[in-house]
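Engineer: Take a look at the letters that make up each chain.
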Amino acid sequence: MTLIPNRVTIGDSDEVGILIGGEVVAGSGPEEKLVSRTDGSILAVLRSAGPADVRAAYQAAAEAAPRWAGLGPAARAEVLHQAAALFRERAGELAPVMSADMGKPTSEAEVEVAKGAAVLDYYAELGYRRLGATYRTDFDEDIFTVIEPLGTVALITPWNFPFTIPIRKLSAALAAGNAVVFKPSTNAGITGMLIAATLIDAGLEPGAVSATIGRSSVVEKELLEAPELDGVSLTGSYEAAVAIRRRLRMEVPFQAELGGKNTLVVWADADLDKAIAVIAASSFRNNGQICTAAGRVLVHEAVYDRLLERLSDQVKAMADAAGPDELGILVSDQESERIEEYVAAAEDQAEQVVRPSGWREGRFAPALLVEPEPGPLITEEIFGPVITYERVSGIDEAVDKANATAFGLTSGIVTADLAVARRFWQGSRAGTVKVNSPLTGVPFHVPFEGYGHSGAGWAEGGESSLDFFTRTKTVYVRS
Amino acid sequence: MALADLLDLPARPDAPEEVPLWIGGREAAAADGAMGDDVNPATATTLARVHRAGAADVDRAVVAAQAAQPAWAAMGLGERAARLAELGRRVTAESERLGLLDARDGGTAVGSMTASAAKGGKFLQTIAGVAPELHGRTIPATPAGLHFTEPAPWGVVGAICAYNHPTLFTCMKIAPALAAGNAVVLKPAEQTPLSPLVIAALAADLLPAGVLSVVSGGAEAGSALVAHPGVPRISFTGSLPTGLAVQAAAGSSGVLKSVTLELGGKNPIVIFGDVDPETAAAAVVKGSNFARVGGQSCGATSRLLIHDSIASEVVDRVVEQTETIRIGMPDDPATDMGCMVSHAHRDRILGYVRTGLAEGGNLRTGGQPPADPELAAGAFVRPAVFDSVEHGATLTAEEIFGPVLAVTAWTDPDRAVEMANDTPYGLTASIWCSDIDRALHAARSIDAGYVWVNDVEVRYPGVPFGGWKQSGIGKELGLVDDILSHTRSKAISISVRPSR
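As given, the protein sequences belong to chains F and P, one line each in that order. Using this note's numbering, you'd call the opening residue of the first sequence number 64 and step up by one each time. Using this note's numbering, you'd call the opening residue of the second sequence number 1393 and step up by one each time.
All clues stand as given, with none of them false.
Some, not all, of what chain F presents toward chain P, calculated at C-beta under 10 angstroms:
(1) Ala-137
(2) Asp-184
(3) Ala-187
(4) Leu-189
(5) Leu-194
(6) Asp-480
(7) Leu-481
(8) Val-483
(9) Arg-485
(10) Phe-507
(11) His-508
(12) Gly-525
(13) Glu-526
(14) Val-540
Facing chain F, a subset of chain P residues (Cβ under 8 angstroms, in silico):
(15) Thr-1518
(16) Val-1522
(17) Pro-1524
(18) Glu-1525
(19) Asp-1829
(20) Val-1888
(21) Arg-1889
(22) Pro-1890
Since the hints were made in silico from the structure, they are not lab data. Ideal placement from N, C-alpha and C gives every residue a C-beta, glycine not left out.
With these hints in hand, go ahead and build the complete structure from the sequences.
Structural biologist: Here it is as structure tokens:
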């Protein structure tokens, strides 16, 4: 029995293709072996996208865009609601594919699909509530704004939330009336194909979403320099964002949600049970492979020792693949090796390294690095279940340390003191600040913007996503 | 009988069963045992023996609502929205049986009632979908303070709705009020209590007990609800006289109340001479709502104000098209137009026809019960078109709420606007003109709250619906605004002081 639904395979073969204009075709790019993260087997061979495929995707999108936009928001809403219903129906089929693609437990994948379906329903309704405004001047004229889609947009998405991150962008872009060229990560490629195929099953016209899975180095130029391209939304790395911006024409809006080196402060008055819970949810969920995750914990000297003792006990007691929060399987062996190097460096560069022992081969054990020296452990995004632990004695010091990074995605503080919390949220150079709640977890209807190297100036979430995927036309009518 | 069984109620039950009220999450008998016959107006037979709520029952419902509301509000927007979405799915799934029930209870054709019921289900889902948009604002009023507003529920909302769309109006009233975190006590129209009760039963496992009560009954229940000191917010759809009575009762209740009134209209359709007569005639028939609800519609255009140059041609076609409307038993899918909601109402309409004739109007078609002996027992009337009605005659002045169209011709567009405005009402207006400039000028000059240019009798989701002048206070269908209308705003300003 194959895990791969034939909806994503090419003809009668068991090779996975790309989706262009509603057809699953063999891409002209390199062949890739897709490896299952759950058992290491070869899932399938992917015939990845080449330059010609991306051209074809843009041509199909540019042709479909006016029709999709012209349907009007209520009709588009029907398609998105239908897609939500189909995803709910197919969650059982989708979840194991997500696990195999990038390693998260099937139970978490199912939760992700349910959340994504809710996002589709939300943007469906929001899409036709893009309200313009009417204006008066001293002239006898009607002035009003009309909100229009950008046209054709490229959506570039990562593997860590292989369903919700693409769906958040797709829902908003499509609800606003855009056509999409969708490039999911190869580590979430099959999931991406299923997302696109299901949207078409729901009634989206085929040209309005193409899934061009492939190597950036192969398709980057056609993807980003296409004359039909009207906007790009990326969730990925800072490096990817720099490379993208270099290629874009001046006038193409670019939304980026990038990484973070996010700091959580535990204040002198913090309830330690609460602090432990917040740290666990902020740092170890999804094996720390979340852009919003807390990598750096700053602890007020008044509670430093007690918290360190409890946190160390907690970390040492963690087990691999235990219960619903199965820990240990990172997205790839390369990632495991890369992160292991940070922990290895900490043996010399930190006072103490705390890790659970007895984990199975191939599983990555979380690590607590106490008082690391200034250097990469403090400044670089590790993107794994590794946290640093440092002492602070004042709020200004905490703010300065939290800001000592080019990133600015999230930060947080555990305290009951409103003045301290406020000083922290005012001073923190991050787009999302959490007081007494985990740094991870961003509701889809709330704006989310990365400061510094964590973003490119456009918030995502709620109406902010619709703001990005639309533009304003002002019309003046005199008789 | 169990309320859900009403979905299988036949047109002529052999032994009409008792139908209870719905209070505190369950079926409830009227405290004083009052009951009445709920009649199928097409057959003049009794559908059910319905309990009729009195002041004591309304009080019980309000008390239960007050007790249940805080927990409902505390559930949070997301949870409330999810439950309302599920209720919407259930109403949509049952739209055929609800439509048939409404057709038998109120007399309107089943095709129209099924479409209307499906709209109700969709509206619940739409309100649930936009609920996350309900938010307060932060205001940067001072650098040292935190200033924000929060929309909070009122507590208990009293809702009273009309008989022409029982399922749809129930959904329209309860969805935004519940989404906002209120509990609702609903008093449906006296003539059409059945589908509102079914909807309450469909919601039984979704809404905590007491969050939705249905106190079916007449004026006593309505007055008690409006005057109740525990109900700070009222949402009423009905006639002007009753709306004024609601306003007065709220005013003299001793408690300040927020009141939304959706009342009637004497809505004009103004057609200029540059409109194609075929298009114009179709518009007039569409706007009359003869088929859709037998003309029993607050937004229907019951006054045709037409440019003299095309008047006779258009009216001829209107008469022709009106006479093709198939009048029949409401539960027959082939029927275009059913009967009026009651014999009393039908007789009132016949009275207006007589008045129209007495005042010299030229009755071109209809205005009497149909000849078909099958329909003799029911509250049927053939739709009436009166030509050459002088502006100021009774038919141009009073809301009939039935299938009677009055036609008046004009040559001067200013006179057309003048006639359009010469009414205490101001709900809808429809303007047909190929010159957009003249059309917009007329649209701005006519004192109505909901104006169409080159269309008629359409409702657009998100476009706020409500009348001016004596047609009402407040708006509905604005989606998030709908939900907001059932909230009261609190401003909180925190002065952030450093702790010791």
